[in-house]
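Protein chains: 2
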Amino acid sequence: MKLHGYFRSSASYRVRIALNLKGLSAEHLSHHLRKGEQRAPAYLAINPQGFVPTLQAGGSVNLTQSLAIIEWLDETHPLPPLLPKDPLRRAQVRAFAQVIACDTHPIQNLKVLARLRELGLSEEQVTGWAAWANREGLAVCEKLIALEAGPFCFGDAPTIADLCLVPQLANARRFGVDVAVFPRLLQAEAAAKALKAFADAAPERQADAE
Amino acid sequence: MKLHGYFRSSASYRVRIALNLKGLSAEHLSHHLRKGEQRAPAYLAINPQGFVPTLQAGGSVNLTQSLAIIEWLDETHPLPPLLPKDPLRRAQVRAFAQVIACDTHPIQNLKVLARLRELGLSEEQVTGWAAWANREGLAVCEKLIALEAGPFCFGDAPTIADLCLVPQLANARRFGVDVAVFPRLLQAEAAAKALKAFADAAPERQADAE
Chain B
9 MKLHGYFRSS ASYRVRIALN LKGLSAEHLS HHLRKGEQRA PAYLAINPQG
59 FVPTLQAGGS VNLTQSLAII EWLDETHPLP PLLPKDPLRR AQVRAFAQVI
109 ACDTHPIQNL KVLARLRELG LSEEQVTGWA AWANREGLAV CEKLIALEAG
159 PFCFGDAPTI ADLCLVPQLA NARRFGVDVA VFPRLLQAEA AAKALKAFAD
209 AAPERQADAE
Chain X
9 MKLHGYFRSS ASYRVRIALN LKGLSAEHLS HHLRKGEQRA PAYLAINPQG
59 FVPTLQAGGS VNLTQSLAII EWLDETHPLP PLLPKDPLRR AQVRAFAQVI
109 ACDTHPIQNL KVLARLRELG LSEEQVTGWA AWANREGLAV CEKLIALEAG
159 PFCFGDAPTI ADLCLVPQLA NARRFGVDVA VFPRLLQAEA AAKALKAFAD
209 AAPERQADAE
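Residue numbers (this note's numbering), protein chains in the order written: chain B, 9 to 218; chain X, 9 to 218.
I should point out that these hints are in silico values taken from the structure, not numbers from a laboratory. Wrong hints could be hidden among the right ones.
A pair holds if it fits inside one copy or across any two, identical chains being indistinguishable in the list.
List of simulated lysine-lysine pairs, DSSO-like, C-alpha gap at most 30 Å [as the list claims (entries may be wrong)]:
hint: 1; residue 1: 204; residue 2: 10
hint: 2; residue 1: 10; residue 2: 93
hint: 3; residue 1: 151; residue 2: 10
hint: 4; residue 1: 151; residue 2: 119
hint: 5; residue 1: 151; residue 2: 43
hint: 6; residue 1: 151; residue 2: 201
hint: 7; residue 1: 201; residue 2: 119
hint: 8; residue 1: 10; residue 2: 201
hint: 9; residue 1: 30; residue 2: 10
hint: 10; residue 1: 93; residue 2: 30
hint: 11; residue 1: 93; residue 2: 119
hint: 12; residue 1: 151; residue 2: 204
hint: 13; residue 1: 10; residue 2: 43
hint: 14; residue 1: 10; residue 2: 119
hint: 15; residue 1: 151; residue 2: 93
hint: 16; residue 1: 43; residue 2: 93
Just chain B, with the same shape it has in the complex:
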């Protein structure tokens, strides 16, 4: 398998964790987002959105969108499971993941921030926007699992929720968000980061890290 990604891309980070948890290895191909390499014609032929990650799993289909890739990994390599078995619990885990993957991360991705700059916003306003998106999303996440015993987001093993949370917390810190106000999220992050699968997927551990 080949994973097209970028060390600091939080969506790529989610998939790296999933591959590690499943014990799968992939060749990592880096596309430097700040240099615009994801918009090179050769990459657009693989992923017409020009986003990372893309997983090439050997067939003719290029898998895109991190949550779709992770669900595919979970369906084709069921152990360890990344979703609970109970449908209601699955829905809660997916909803948590989607608060991050739909309503938080895309609001603060490079493309949106670049558009804000084009519209004349200052660098301070752009960073403020990204911090706002992270604070709003993570505050919801904190409430969603406030009554969950943990230590992970949902129970005693990592799920797709944790795969989304850990990279998003890294983004939040990069934009200057005080994450100490999210104690339950930090508990889940600590449990996750104690696992080698999460530690090895961290941005600073990737070959393309700067």
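For this one, chain B is given, so just place chain X on it according to the hints.
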């Protein structure tokens, strides 16, 4: 079941289609988004994000996030299926849905547009932003299914992809996007709209339509 929604919310629209396709009925509770009713304390107790939709299915869990709700409906009411059986095809359908649900709709939702106004953007710039988000997302979607025979997004029956596409095209038109440049998407939309499940879920057919 109770579905908390709003006639014009495209995420609510997705869930209405899913319920109709499954032959399920729900009591529809409207929260007027432009009046801020989704931020009323009583609703925040049900959905801490203050977004619609929320599905209350009888138990203690309030189901949130439209794609998580739809996957739950598909898992608990399997017929007709809203995802193909083959894992790779499922991944393609989910990726298409996520281009809309992660990278298009949240960029142009009311909350983000309100934030742009707070930062001093003109009404013209805000509408331009929303149109841009729709054009970018739908252009990707058009490419993702360009080689699919159809008539639906993926094959001869509706999937989660169509449930996301039809409401997003309605948004795009509302923001003045010329959708004629997406012929394959329009083909899928026509196939979907010919079904009663889609027609009955349309915003203008809802009791709270203005």
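Taking the numbered hints from earlier one at a time, note which ones the structure violates and give those numbers from smallest to largest. Failing hints, ascending: 11, 16.
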